[in-house]
Amino acid sequence: MKHSLVDEAGDRRTFVLVFETGDEVVEVLEAFAGAERLRGSQFTAIGACSSAVIAYFDWPSKQYRRIEVPEQVEVLSLIGDIAIDGERPKVHAHVVLGRSDGSTQGGHLVSARVRPTLEVVVTESPRHLRRRLDPESGLALIDPSMSA
Numbered sequence: 001m002k003h004s005l006v007d008e009a010g011d012r013r014t015f016v017l018v019f020e021t022g023d024e025v026v027e028v029l030e031a032f033a034g035a036e037r038l039r040g041s042q043f044t045a046i047g048a049c050s051s052a053v054i055a056y057f058d059w060p061s062k063q064y065r066r067i068e069v070p071e072q073v074e075v076l077s078l079i080g081d082i083a084i085d086g087e088r089p090k091v092h093a094h095v096v097l098g099r100s101d102g103s104t105q106g107g108h109l110v111s112a113r114v115r116p117t118l119e120v121v122v123t124e125s126p127r128h129l130r131r132r133l134d135p136e137s138g139l140a141l142i143d144p145s146m147s148a
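Okay, so the sequence shown: first residue is 1 according to the working numbering, each after it adds one.
Any given hint could be a false lead.
Pairwise CB distance ranges (calculated) [as the list claims (entries may be wrong)]:
id	residue 1	residue 2	range
1	Pro135	Arg66	19 to 25 Å
2	Asp101	Leu141	34 to 40 Å
3	Asp101	Tyr64	33 to 39 Å
4	Ser103	Arg65	17 to 23 Å
FYI, nobody ran anything at the bench for these hints, they're computed from the structure. Just so you know, even glycine gets a beta-carbon here, dropped at the ideal spot from N, CA and C.
Sequences are here, hints too, so could you generate the full structure?
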């Protein structure tokens, strides 16, 4: 992955990241966030992947149902945020994937392998975002009262 800082205004930075074939999206984004000390950010992306795993949160079971996407797909829309979970940055992203027949699949992004590229714009928030466990859902959700 290659990246560049394209804007900086006060406490807000904007980066452009260009992923390369073989990069794993969530892993690379979390490593980048750690290296740049991002504590609250949002991102958008488009590109393509050779495979992906997405998930659907099943409310009655409080579990994610994994959906394997073992084919080349277009990343039509990838949006998400980066917040602190414990002491580490954590990516939370949703994606819409376009298949070769024009149909789409979407959900919570678990993992994806880039091919040939993914273009990501990351905008840092001037306030840090923290996650905490929500007892009703069992998920680590952003807690606005813990933002600094």
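Hints versus structure:
Between proline 135 and arginine 66 the C-beta distance comes to about 24 Å, which sits within the given range of 19 to 25 Å. Taking the beta carbon of each, aspartate 101 and leucine 141 are about 35 Å apart, inside 34 to 40 Å as hinted. At roughly 26 Å, the beta carbons of aspartate 101 and tyrosine 64 sit outside the given window of 33 to 39 Å. Take serine 103 and arginine 65: their Cβ atoms lie about 19 Å apart, and the range 17 to 23 Å holds.
Checked against the numbered hints given earlier, this structure breaks only hint 3.
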